[in-house]
Amino acid sequence: MKLVRLLPLFCVFGAAMILGQSSKDTFRVPLGLTPILWPKDNPYSAEKVNLGRLLYYDKRLSADNSVSCASCHAPDKGFTDQLPVSVGIRGQKGGMSAPTVINRGYGMLQFWDGRANSLEAQAVGPIANPIEMGHTHDGVVRSLQQIAGYRQLFKAAFGTDEITIDRVGKAIATFERTVVSGNAPYDKYRAGNKSALSATQVRGLNVYFNKAKCDACHEGPNFTLNSFHNLGIGTQKANPDAGRFAVTKNPADWGAFKTPTLREIAHTAPYMHDGSLATLDDVVDFYDKGGIKNKNLDENMKPLNLTAQEKKDLVAFLHSLNGEGWQHLKAPESFPQ
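Its first residue numbered 2, the sequence shown is counted upward by one per residue in our numbering.
Read the hints as simulated data drawn from the structure, not as lab findings. Predicted, not measured: the structure shown is a model, and the values here were computed from it. Please note: incorrect hints may appear among the correct ones.
Stated by the list, open to error - Restraint ranges, calculated between C-beta atoms of paired labels, are given here:
id, residue 1, residue 2, range
1, N130, L226, 21 to 31 Å
2, G150, D65, 16 to 26 Å
3, G150, N306, 17 to 27 Å
4, D283, D139, 35 to 45 Å
5, S199, A149, 53 to 63 Å
6, P241, N306, 19 to 29 Å
7, T27, K296, 43 to 53 Å
8, R29, K238, 37 to 47 Å
9, K290, G92, 55 to 65 Å
10, E334, M109, 29 to 39 Å
Claimed, not checked - Lysine to any residue pairs mimicking SDA-like chemistry, simulated, CA-CA at most 25 Å apart:
id, residue 1, residue 2
11, K41, P186
12, K312, S335
13, K296, T236
14, K214, T260
15, K41, T165
16, K214, T35
17, K331, A270
18, K303, T236
19, K303, Q338
20, K296, R116
21, K303, V316
22, K94, A243
23, K313, D289
24, K212, P186
25, K212, G291
26, K60, Q146
Backbone N, C-alpha and C define an ideal beta-carbon position, used for all residues, glycine too.
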């Protein structure tokens with residue numbers, strides 16, 4: 002059974018998964034996840050998480066005080082906006098579906114095309130994007146410097162009240178690394194509770210690992226290798242998005258996009274980088290057909306020939322990846338003044 006490919010990961014990190022602790026014993030993660038690897042130049046602190054949470058939800062980081070990080074990555078929507086493409090400042094629409102923040106602390110390259118090499122870099126990108134938050138980095142720093150309450154919080158988090166865009170990114174990224182999901186029925190099943198999955202979900206597990214071989218890309222504790230693949234999505238359009246190619250200029254990366262986590266996948270519709278697939282049933286049908294043929298179609302994209310029952314079982318298994326660790330996160334009742 003191909004499931005054994007995951008066993009070494011669970012054995013190596015077994016103690017960490019059960020205890021759910023980071024390498025510095027400062028942040029507990031749910032069963033099934035590996036410890037958060039905090040950057041050396043941005044270690045965990047509760048003060049930094051508190052500051053980052055406020056910045057994440059504060060619409061004053063946008064040019065007209067209308068948009069925050071949470072506008073496109075909302076907790077009650079699985080830390081997405083559940084829209085095909087996101088809407089930014091002045092109602093402008095982007096070209097991408099907002100990926101979930103959940104478990105992004107387990108990936109290095111950020112955005113669908115991987116153009117940001119850290120969560121810190123990603124956190125400040127939308128601030129200066131004219132479609133998203135429409136501000137400038139210098140402008141948002143000046144705005145925050147005028148808020149006495151924020152100066153106090155930056156001092157608590159970083160030792161001095163100096164406010165820089167680098168510190169803004171570090172605070173937001175620290176908060177985002179605490180947005181995690183684990184202890185799902187699948188994790189409990191792997192830990193020995195064989196009643197954690199229904200008979201349908203167990204059949205779906207076998208389809209996932211053995212027939213469909215979804216773990217060729219969605220592997221490991223976070224159900225993604227954080228790599229880039231061309232599925233054919235959008236390649237049939239008149240002006241298709243170049244995807245990873247726009248960053249690397251490598252022809253082999255044309256049309257390739259980052260493989261997202263499957264954790265909480267039932268809460269983060271619609272799917273694919275352009276939000277073009279509305280339901281998990283649509284996603285399974287898409288993969289069953291082998292994607293959309295194009296010059297760079299990934300070699301793993303081949304017709305699966307799943308039966309109707311196998312499709313239902315697979316979707317049921319994907320629902321078993323809904324866990325816990327993020328549902329308690331809510332917007333602040335007030336902001337620094």
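Checked hints:
Checking the proposed 21 to 31 Å range against N130 and L226 shows it holds: the Cβ atoms sit about 27 Å from each other. Checked against the given bound of 16 to 26 Å, the beta carbons of G150 and D65, roughly 21 Å apart, stay inside it. Our hint of 17 to 27 Å for G150 and N306 is violated, since their Cβ atoms are close to 60 Å apart. Checked against the given bound of 35 to 45 Å, the beta carbons of D283 and D139, roughly 43 Å apart, stay inside it.
Look at S199 against A149: about 54 Å separates their beta carbons, and that is inside 53 to 63 Å. At roughly 28 Å, the beta-carbon separation of P241 and N306 lies within the given 19 to 29 Å, and the hint holds. A hinted range of 43 to 53 Å holds for the C-beta pair T27 and K296, which are about 47 Å apart. The hint said 37 to 47 Å for the Cβ distance between R29 and K238, and at roughly 44 Å that hint holds.
Against the hinted window of 55 to 65 Å, the Cβ-Cβ separation of K290 and G92 comes to about 35 Å, which falls outside the hint. Hint check: E334 to M109, Cβ distance near 34 Å, so the stated range 29 to 39 Å holds. A hinted pair counts as satisfied when its Cα atoms are at most 25 Å apart, and K41 with P186 does not qualify at roughly 33 Å. Using a Cα cut-off of 25 Å, the hinted pair K312 and S335 is violated, with the two alpha carbons roughly 46 Å apart.
Distance check on the hinted pair: K296 and T236 sit about 9 Å apart at the alpha-carbon level, within 25 Å; holds. Using a Cα cut-off of 25 Å, the hinted pair K214 and T260 holds, with the two alpha carbons roughly 15 Å apart. With a C-alpha separation of about 18 Å, the suggested pairing of K41 with T165 holds against the 25 Å cut-off. Proximity of K214 to T35 is assessed by CA-CA distance (about 23 Å); at most 25 Å being required, the pair is judged to hold.
Proximity of K331 to A270 is assessed by CA-CA distance (about 20 Å); at most 25 Å being required, the pair is judged to hold. Taking the CA atoms of K303 and T236, the gap is about 17 Å. The hint holds against a cut of 25 Å. The suggested pairing of K303 with Q338 is violated, with an alpha-carbon distance near 56 Å, which exceeds 25 Å. Note on K296 and R116: the hinted pairing holds, with a Cα-Cα distance of about 23 Å set against a maximum of 25 Å.
Between K303 and V316 the CA atoms are separated by roughly 19 Å; this keeps the pair inside 25 Å, and the hint holds. A hinted pair counts as satisfied when its Cα atoms are at most 25 Å apart, and K94 with A243 qualifies at roughly 18 Å. Simply put, K313 and D289 have alpha-carbon atoms about 12 Å apart, close enough for the 25 Å limit, and the pair holds. Between the alpha carbons of K212 and P186 the distance comes to roughly 21 Å, so the proposed pair stays at or under 25 Å and holds.
Straight-line distance between C-alpha atoms of K212 and G291 comes to about 13 Å, which keeps the hinted pair within the 25 Å bound. Taken as a hint, the K60 and Q146 pair is honoured in the structure, with Cα atoms around 15 Å apart against an allowance of 25 Å.
Checked against the numbered hints given earlier, this structure breaks hints 3, 9, 11, 12, 19; the rest are met.
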